[in-house]
Amino acid sequence: MFRKVLVANRGEIAVRIIRALREFEIESVAVYSDVDRAALHVRMADEAVCLGAADSRESYLNIERVVEAARRTGADAVHPGYGFLSENADFAQACVDAGLTFIGPSPDTIRRMGSKTAARAIAREAGVPTVPGAAGAVSELSEALAIAAEVGYPVLLKAAAGGGGKGMRLVSSPGEMQAAIRDASSEAERAFHDARVYIEKAVVRPRHIEIQVLGDQHGNLIHLGERECSLQRRHQKVIEECPSPLMAIHPELRERMGEAACRAARAAGYYNAGTVEFLVDSSLNFYFLEMNTRLQVEHPVTELVTGLDLVHQQLRIAAGERLEISQRDVRWRGSAMECRIYAEDPENGFLPSPGLITRLHRPTGPGVRLDAGVYLGWTIPMEYDPLVAKLSVHAENRHLAIARLRGALEEYSVNGVKTTISFFHQILNDTEFRAGHLHTGFIEEYMARRGKETPDEKVVEMAALAGALAATRGNGVLRSSGVAARPAASRWRSSGRARGLR
Amino acid sequence: MIVKHQLNGEVVSVEFRVSGGDVVYRVIHEGRDAPPFQTASHVEAEPGVFSLICGLRSFDVRLEHAHYGTMAQHRSSRVLLEPVNRGRGRGEAGGAASPTPVKAAMPGRVIRVLAAEGESVSAGQGLVVLEAMKMQNEINAPRAGVVRHLAVSEGAVVAAGALLCLLENPAE
Chain X
1 MFRKVLVANR GEIAVRIIRA LREFEIESVA VYSDVDRAAL HVRMADEAVC
51 LGAADSRESY LNIERVVEAA RRTGADAVHP GYGFLSENAD FAQACVDAGL
101 TFIGPSPDTI RRMGSKTAAR AIAREAGVPT VPGAAGAVSE LSEALAIAAE
151 VGYPVLLKAA AGGGGKGMRL VSSPGEMQAA IRDASSEAER AFHDARVYIE
201 KAVVRPRHIE IQVLGDQHGN LIHLGERECS LQRRHQKVIE ECPSPLMAIH
251 PELRERMGEA ACRAARAAGY YNAGTVEFLV DSSLNFYFLE MNTRLQVEHP
301 VTELVTGLDL VHQQLRIAAG ERLEISQRDV RWRGSAMECR IYAEDPENGF
351 LPSPGLITRL HRPTGPGVRL DAGVYLGWTI PMEYDPLVAK LSVHAENRHL
401 AIARLRGALE EYSVNGVKTT ISFFHQILND TEFRAGHLHT GFIEEYMARR
451 GKETPDEKVV EMAALAGALA ATRGNGVLRS SGVAARPAAS RWRSSGRARG
501 LR
Chain S
1 MIVKHQLNGE VVSVEFRVSG GDVVYRVIHE GRDAPPFQTA SHVEAEPGVF
51 SLICGLRSFD VRLEHAHYGT MAQHRSSRVL LEPVNRGRGR GEAGGAASPT
101 PVKAAMPGRV IRVLAAEGES VSAGQGLVVL EAMKMQNEIN APRAGVVRHL
151 AVSEGAVVAA GALLCLLENP AE
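Each protein sequence line maps, in turn, to chains X and S.
Residue 502, in this note's numbering, is where the first sequence stops; the numbers in between run on with no holes.
Residue 172, in this note's numbering, is where the second sequence stops; the numbers in between run on with no holes.
The calculated SDA-like cross-link candidates involving lysine to any residue, where the alpha carbons are at most 25 Å apart (straight line), are:
1) Lys103/S to Gly349/X
2) Lys134/S to Gln236/X
3) Lys134/S to Val35/X
4) Lys452/X to His29/S
5) Lys103/S to Asn348/X
6) Lys458/X to Arg32/S
7) Lys458/X to Ser413/X
8) Lys134/S to Arg57/X
9) Lys134/S to Ala179/X
10) Lys458/X to Asp22/S
11) Lys4/S to Pro36/S
12) Lys4/S to Arg473/X
13) Lys134/S to Arg182/X
14) Lys103/S to Asp345/X
15) Lys458/X to Val3/S
16) Lys452/X to Ala66/S
17) Lys458/X to Glu46/S
18) Lys458/X to Ser76/S
19) Lys134/S to Asp90/X
20) Lys134/S to Ala38/X
21) Lys134/S to Asp194/X
22) Lys103/S to Arg148/S
23) Lys458/X to Val49/S
24) Lys458/X to Asp33/S
25) Lys134/S to Leu61/X
26) Lys452/X to Glu10/S
Hints listed in this document are in silico derivations from the structure and should not be mistaken for laboratory results.
Only chain S is shown next, with the shape it has when bound in the complex:
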């Protein structure tokens, strides 16, 4: 079986075959020679936690699944396994002419809206103040522009990454 992960922007293929408590595997990094197959003992000790013994070294790999991929952790070492093709060639489309979305940097409640629809703001000017867990976070304009599609009002609850408003060029 082959499973591909994206790891630090590089595609990594895991070729493996499970036989009983052992797994015969090799990990191939894109553009590198395939290493020889090795054998490791494996058991899913707890849901989402794999105990692996390779050679004589013991690994306890905890997996955490999230929307951005799977975080694998052994002791304090963390490795992010992303789905292949995500984040590749993603580059933000458009130049200065297209509207810039302003997004919530954290989940929280909108406690103040500092700019109005259609208002011209300068770069760095405060647009919205968010609060979560007693912490306030002011979301500032990433560039100068006119506030459009103001999507939130005071008291609204927003998710991390939610669109707050768009910034358009004054001429538009």
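Bound conformation, chain X alone:
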């Protein structure tokens, strides 16, 4: 096993990996950018190295600096987390070249599965169905229009190197194509340093269901079942669960999709933890979408139902150990559900809301798990992903999981920034959601149909009374806690000024 591991990431995932390292008595090295000096992962790690400026290209995306940090600290392995360099084959190769173990699949596998076009070809060859679309990336408008005309509108433009909805655009008619290519390419360039985009047919009202796979370097490969991730906004997942409500009605689907996922992964020579994403249409046809060659954000859902620790598994596999479990040993117990708490304003188009956390109360209790990268007094930077925390629950069945998650959301309180907490509380009460009628356009439809929740009169009365008591006790509401309450606007202004002075 490793002696010291560098975690090439930030936020909640860096914290989660550092915890696992601690459990294995492996020393941890954090890396950070200028604005992350006081971040939780830096405070929790055994050693920490500053990479550079806030801009990811100067820090978390800078291969030379990350590898140099590993060399300086004498780390023998690197865990990339998700996002940033996690699916960058050049980074994996640079680690190998520097004598470091990359905790993930081989650089060659990342290269092949990381390119979505190549991944689709691999899946097709392995007999796994894919969504109709172009074989390769498109750059010319005329070419894009021709492909779209062939598969039929609507089509989706996607970043060839992408993930997480970045560089993705829905195109409903030829007139929208030019602007969509421009925007998707530009966003892909900024997010992945790769402007290439490709086209595929948009499946109408699909479910997004993915299969977790786990393989060692000795040819053993198993799947750990599905995660239903249909609830998305801007093509980014917000709530994930296992079992999928669809699998509850069609249990044979888990086996069929699990088997297909293993076939695709095996064809790519896959080892370590990975995820094969599928779209499932209303007739239970499933289509290979892409493979994520890394740990997923929503991995806690699988951990809760299977009882396996995926980061432990990753470490063992990377260290060359054999899988201790076979497919037969995998059991799914109860129901798990996760929601991603984003620093965003759900009442205002989910626009970002970075800033200072002025109050924080964390949920707890039986079956409640919180993976967070923030603390009271931390300023969520504007440079990175808006994910603040992941709140997950485990219960006997889906009904109880929903109740448990709603309770935890009621306990959870984050002040200073806008979050998606109350939005999740409402959506978990939605009849369609409770019935498990999920599809990737669910949130959009929900936003259009949801009613405004009006608090009962006694609550309004108590709110007014509490406000009055606070207003007359001599201090401002938050000043008494020792944290200055300032509007978000002024923080942005001062941060802008500080930047200008540098």
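With chain X held as given, fit chain S onto it using these hints.
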């Protein structure tokens, strides 16, 4: 003591007197009859969090102070308490003849300026692209007009609500 809040556009007066751990109070909605006084037990359990017991019901009201008012929350129920007079009779002055300000819908960095000073733009045309937390947001012209007072350049950091430019009528 009397404290007034504006609540859903309506003025609400809280009349109260604190005696020890109890507060004797009534909440009067504008234009409605004043209800009888009631007594509640109160304690500020955490800074900005009030535990109130009224009758036998227990409330845990968290307050969050922001520039637009105070958000009070009990469990998942949220009530916005605004200062009185704010937002009343505020109506935007002027008609189509006056310049229309274009503001940033979110805080972020200007990554692209799509229109130039003095350029004529049509309604819905992109003016500025903002980015924060890896999300890009294109700010479009709310109406046709000529771009004036372009206040930002690429790389600038802006606050939510910051003025980006004005749109004037072509004739002006």
